[in-house]
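Undergrad: Residue numbers (this note's numbering), protein chains in the order written: chain G, 1 to 222; chain Y, 1 to 58; chain D, 1 to 244.
Don't take every hint at face value.
Some chain D residues near chain G, calculated using beta-carbon distances under 10 Å [stated by the list, open to error]:
no.	residue
1	L80
2	H84
3	G139
4	A158
5	L160
No lab work stands behind these hints, which were simulated from the structure alone. All figures in this text were calculated on a predicted structure; none of them were measured in a lab. A virtual CB, placed ideally from N, CA and C, is assigned to each residue, including glycine.
What follows is each chain in one-letter form.
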Amino acid sequence: MSPLRALLVRDMRIAVRIGGGALMGVLFFLAVVTLTPFAVGPDLALLRRIGPAILWLGALLASLLALDRLFAADHEDGSLDLILMGSAPLELTVATKGLAHWLTTGLPLVIAVPVLGLLLDIEPNAIGVVALTLLVGTPALTFIGLIGAALAVALRRGGLLLPVLVLPLTVPVLIFGVSAADAAIIGPVPFGTPFTILCALTLMSLVVGPFAAAATLRHGLD
Amino acid sequence: MSLGPHAAFILAAYGAAVAIIAALIAWVWLDFRAQKRLLGHLEASGVTRRSAAIKEPA
Amino acid sequence: MALVDLANPTRFLALAERVLPWLIAATIFAFAVGLGQALFIAPDDYQQGATVKIMFVHVPSAWLGMFCWALMSAAALGTLVWRHPLADVAAKAAAPIGAAFTFLCLFTGSMWGRPMWGTYWVWDARLTSVLVMFIMYLGLIALWRSVEDPGRAGRAAAVLTLVGAVNLPIIKFSVDWWNTLHQPASVFRLGGSTIDRSILVPLFAMAIAFTLLFVTLHIAAMRNEIMRRRARTMLMLQASAQGG
């Protein structure tokens, strides 16, 4: 088994175990979606109108949750040093960890969207559209978050600072994700326009995220 | 110089500029004095940096 | 004196000592000229009246907020690629100054927007991206302050600065890509500026004054940072001498 595949399987196994955080994201997502009607009132028409935005906000914040432990946990038990000394290029290793994080944290969020969409009274085909935009957008959130996670290793109280550092970078993903969802549900902008930009943002983040995170780990841990 | 009906906003804008620039100048100046004082103490108590202690090669 | 000599902190301190008085004088003179132009010579705008005078503070601070991030990005390359010893110092010293000018841009813009657009704030593309840049400045400053070792802090900050530099073209071109409330590019655009010379000249005069102010503050702040690092080194030597 190649080292990268071994790393992927290891990370996924750890995430699924108790204390691993795989389902914590979904629970937080549920909490956000549940709290919203308490804040804005139970008016279904309003909830339907802002539903895609609430789902996107919840997914973004839930993605951020598990990120600060991504590298810090390995740093504490020493396995980060082993990873850094490994034969695979650090960028690919970091990307593999990102993939594991998305599979265990981001993908469950996408799967939870149909259920939570019903809570917000969004129509079924609209739910499908939101799920699609999140399917494309959550990898971007994870891979941009890699940069913050790598920075958090170098800092003592990094967990508090990470949202401040990562959120500004995720704003374009949020904007185009919600824009695409709204475009399909309400129009008048064609769905394709913001959706292709969202795809472009994700593709960019798949490259920039690992490179920046690897540079941080390399330089920041001397 | 008449500033027109929105004079308050113009004054607020320029006032903020003056205040913020003054704050920047104060920060730089006070920090300079603090560092100078600290370095003075340290040098007076006999601590020397490596490069200050080594004579420059001729 | 070659540029490479500036890499030596001691030489930089000596240079700063010599250059700062001139810079301060030049800045004061430039502001005297700029403010004279802006407040007394520039005419009132046909539509906006005297509030156009806010532009003479708002636009230069916007330019400087972005210029500062570009400068920090260049310094970040100096840290990561060339390991220039003063790159860290330049980046750390610049961040609070850039943040202050960005905040000034947001505030003066708000003061201009209320009488002109009827609102203190609107979520249009340019205002939003400048606000995001301001938040990123704050995050960067927090990052600098949360790592004790200056070298490690510098490298982490360098990565964040370069990643954040992607915001700069977004700010510049956002008013062209999304036609919302903030006015489109009228100074630096293909085809030349669309602003009348009687307003453009005071604007450039103030821009020069602001830039000189930035350079003066930056060099002075760099000097402070070098002194701070020396003090830290000496304190560590003192502590190890006592302990050892």
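Undergrad: None of the hints should be skipped; say for each whether it holds.
TA: Quick rundown of the hints versus the structure:
no., hint, result
1, L80, "holds, 7 Å"
2, H84, "violated, 14 Å"
3, G139, "holds, 4 Å"
4, A158, "holds, 8 Å"
5, L160, "holds, 6 Å"
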